[in-house]
Amino acid sequence: MPAGKTIWEKLIWTWKPASEYEAGDSIVRNLLLHWFPSKVTFQSLSFRYSFWLGTASAILFAILTVTGVVLMFLYVPSVERAYASVKDIEYAVAYGWFLRGLHRIGAHVMVAVVFFHMIRVFLTGGYKNGVAANQNRPINWIIGVVLLLSTLLLSFTGYLLPWDQLAYWAITVGTNIALAAPLVGEQTRFLLLGGNEIAQGALIRFYVLHCFFLPTLVLLLFAWHMWRIRKDGGLACVDQIALHQKEEKAPPIKSKTYSLLGIAGTRTVHVETALVDEDRFATNSSPSLTLRLLVVILATMVIASLLTIGIEAPLEEPANPAVTSNPAKAPWYFLWLQELVADTTVRIGGFTVNGALVGGIIVPGILAGLLLVWPYLDRSSARSVGVWFASERWRQNIVFLIIIVAILILTIVGTFMRGPYWELYWPWETWVALPRPF
Amino acid sequence: MEARNHDTGLSYVFGVVLLLLTGWIYWDYYSPEWKDYQSGFRALITERFGAERAQQVPAGLQQAWVPELNRVDRCVTCHLGIEWEGMEDAPNPYRSHPRAILARHPLTGYGCTVCHGGQGYATDVASAHATGELHWEEPLLYREVGQRLQVNEPTALLQINCNICHRYDAYTEGAEYINYGKQLVEQRRCTLCHKINGRGALIAPDLTYVGNQSPEHYDYSRLQGRHSVLAWHLAHFRNPKDVAPASVMPNFNFGPRETQALAMLVMSWKRTNLPGSYIPPPKAAPPPPAPESAQSTTGTP
Chain A
1 MPAGKTIWEK LIWTWKPASE YEAGDSIVRN LLLHWFPSKV TFQSLSFRYS FWLGTASAIL
61 FAILTVTGVV LMFLYVPSVE RAYASVKDIE YAVAYGWFLR GLHRIGAHVM VAVVFFHMIR
121 VFLTGGYKNG VAANQNRPIN WIIGVVLLLS TLLLSFTGYL LPWDQLAYWA ITVGTNIALA
181 APLVGEQTRF LLLGGNEIAQ GALIRFYVLH CFFLPTLVLL LFAWHMWRIR KDGGLACVDQ
241 IALHQKEEKA PPIKSKTYSL LGIAGTRTVH VETALVDEDR FATNSSPSLT LRLLVVILAT
301 MVIASLLTIG IEAPLEEPAN PAVTSNPAKA PWYFLWLQEL VADTTVRIGG FTVNGALVGG
361 IIVPGILAGL LLVWPYLDRS SARSVGVWFA SERWRQNIVF LIIIVAILIL TIVGTFMRGP
421 YWELYWPWET WVALPRPF
Chain B
1 MEARNHDTGL SYVFGVVLLL LTGWIYWDYY SPEWKDYQSG FRALITERFG AERAQQVPAG
61 LQQAWVPELN RVDRCVTCHL GIEWEGMEDA PNPYRSHPRA ILARHPLTGY GCTVCHGGQG
121 YATDVASAHA TGELHWEEPL LYREVGQRLQ VNEPTALLQI NCNICHRYDA YTEGAEYINY
181 GKQLVEQRRC TLCHKINGRG ALIAPDLTYV GNQSPEHYDY SRLQGRHSVL AWHLAHFRNP
241 KDVAPASVMP NFNFGPRETQ ALAMLVMSWK RTNLPGSYIP PPKAAPPPPA PESAQSTTGT
301 P
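In the order they appear, the protein sequences are chains A and B.
Letter by letter, the first sequence follows residues 1 to 438 of my numbering.
Letter by letter, the second sequence follows residues 1 to 301 of my numbering.
A few of these clues could be false.
Facing chain B, according to a computed beta carbon distance under 8 Å, are these residues of chain A, among others [to be verified]: (1) V295; (2) A342; (3) D343; (4) P435; (5) R436.
Quick list of simulated restraints, FRET-style, between CB atoms [said to hold, decoys possible]: (6) B/G23 <-> A/M72: 53 to 63 Å; (7) A/W13 <-> B/E68: 53 to 63 Å; (8) B/L20 <-> A/I402: 19 to 29 Å; (9) A/F212 <-> B/E173: 30 to 40 Å; (10) A/I139 <-> B/D124: 46 to 56 Å; (11) B/D28 <-> A/V69: 17 to 27 Å; (12) A/L219 <-> B/E68: 38 to 48 Å; (13) A/L191 <-> B/H6: 21 to 31 Å; (14) B/Y12 <-> A/D25: 50 to 60 Å; (15) A/I402 <-> B/H217: 51 to 61 Å; (16) B/L20 <-> A/T415: 45 to 55 Å.
Since the hints were derived computationally from the structure, they do not count as laboratory data.
Note that CB positions come from ideal geometry on N, CA and C, so glycine has one too.
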C-alpha cells in the first residue's frame, strides 16, 4: 500500500484486478481460493439457480467445527458429568449459551440446508453428465447422498450428548428402529450403543463418532465433492451454455490441451472441454465469486445467530431411564420415520404389520437405495442438465416432489401435531397437561 | 457488474448486522440480571453499615459447591445476605438465613437447593426458582408452588426436603408439618394396612419409597385443576374415594393442616444416595420394631 494514505483510506481499502491475468493470479496464489476456477459463469453465481445451498451447508459445517471444538473444552462425556457440564456451559461459561445455541441451531439448519440442496440438485438434473469430456456427475451425486446421511448421523450423535430426557428418549426411539432390521438389527444396535441400553458405553461412542469420525468423514467427502465439481466443469448449469454455444456454432468450442499430463504417460492427452469464458457468460472469480461468497458467509452467520438468540436451546431434566418422556420423539429429521412407523403399525384381523420394519427399515432403505442409483436410471438427454424442471424429466420430478412433500408432511405432523401418548392434536389445540411432582 | 455492486452493499448490510449482534451479545454478557441484585445489596450494606463494610461484598458469580452432595448452588450470587448478621429484617433476596438452622447446616456443607429446591446451576431468577412450566429438576419449594396448589401453609413445603435426611427422626426441630404428619401416622395407625420403613401390613400399598413414584403413576381423571402428585395426595387425604373410588382406605375427615402434613410426609419418603455423614445420628431414630411385626420386615430393601 502506498505511503501517505489516511486511516480512512486504509479502512475502506479495496482491490480490483487490473487485468485478466491479475484476476486469475489472485485466485491461484491464494491457499484459501486456489480451488476455485479463475472464471465463473453468471448462471453459476446466480441465487436463482442454486440458492447457494451447498455453500451455506459448508459454512454451517465450519461454524459447527469452530463452536464444536470450543465446546469440547467444556463438555465432559461421562454420564455423571455430562448434564452438569452442559448446565455450566449454559449458565456459567462466558457466552456459553450462545456457543451451545449456535452449535445446536447450526446443526439443525445444516440438516435442512443439505436436504434442500439435494432437492435442488435433483430438480435441476444436476447429477447428470453434460457435453464436456470426463464428467462423472453421478459419482458426485452419490458422494452427496453419503454426505446427507453423514450429516444426519452427525446431528443424531450430537443429540445424545446433553444427557437430558430429550436426548435420552430421542436416542432410545432412534436406536430402537434399528432393532426392526432383520437378522442384524440387534447386533447393529449393540454395536452403536456399546451395550443393550443407553449408558456410558453409548455416550462415549456417540461422542467419539460426533467429534472425530463423522466430521473427518464429512471433511474428506466434502473435499472430494468440491474436487469433482471442478473436474465436472463446474455446476451443471454451465453445460447449458456450452450446449447453446455448440448450437450457435460460432465461435467454435475452444479446447484445452493438457500436455503436461501426457508427459508421464509418454503421450499427449487432448482433453476437449466446453470452455465457457466469453465475457457475456462469465466473469472473473476474483472479485465476483469471492464477493458473493462473502455475502453468503455473512448471511449464513447472521441467520444462524438470529435463530440462536431467538430460539432458546432446550435442556430438560437429567436423563432418567425410569421415566419415559411423553411424547418421546426422535430428532425432528427422523420424525417422518417415527410417524411412518406409528402409521404402519396396523392390526388387520389377527395379523399385526410390523411398523418398525416397514417405516423404519424398508421405506427409508428403498428411498436411500433409489437415491444412490437414480442417476443411472435417469435416461433423459443432456438438454435437461442444469435446468429447473426440465420438460423431459417432468415425470420423475413430480414423483420426487410427491415423495418430498410426503416426507415434509409426515415431519410436520410428527413434530407439531403429535402430543402426549402420540395423540394427534391440531396446532390450535392445547396438549393435555402432563402430571408433574408439584 | 451490476450484481457486484449489489453484493458490496449486501456484504456491508450483513456485516453491520453481525457487528450489532456481536455487540448485543457482549452487552448481554456484561449486564446480567444478578449484577443489579449485587449492586442493590452493596447499596443496602452501605446504608446500614457504611461504605467500608460494603467493600467486603463479593462481586461476580458466587457459588456454594458441595461435592459430597453433587450440588453447585449459585443462589448466593444474588442472596448475598445469607451469612450476614444484621440483615434478618432485610427484604429478599438480601435477608440473612435463620441462624440456628444455618449453624447446623452450614452453606459450605449443604448448599441451598438440597433443602429449598430450585435449580442451583441457574444464574437468572426465572430459571433458578424454577417455578414455571419448563423442565426443571425440582422447583423452589416456596410460595409460588404452594399457592398454586392452595396448600394450607405454602412456605412450609420445603420441610419435605428436611425429611429426606431426617426420615427416621421421631421429631425434627423446625419441621412442624413433617412432625405433625409423623404424629398422625402413629395416631391413625397407618401401618395397620400400609408398610412403612419395613414395618406394617401389606393390605395397602407399601409407602416406604412412595415419594419416588413417577407422576404418571397416579390416576388424575377425577382430580380438578392441575395434575400433580402433590395435588393428588392432598385430594386423596381429603377423601380417598374422591380420586380412587375403589379404594378401601377410610375417610379420616382430615382438615387442610392434616392433609398438607400427610401429603408432604409421603412425598418426602424417597430413596437417597446421600453420604452416611449426612444422615442424622441414630439416637433420633424411632425405637426398634416390636418382635411380632419384625418378621414382616424381611425381604424389603
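| Checking against the hints above, which ones are violated? | 2, 3, 6, 8, 9, 13, 14, 15, 16
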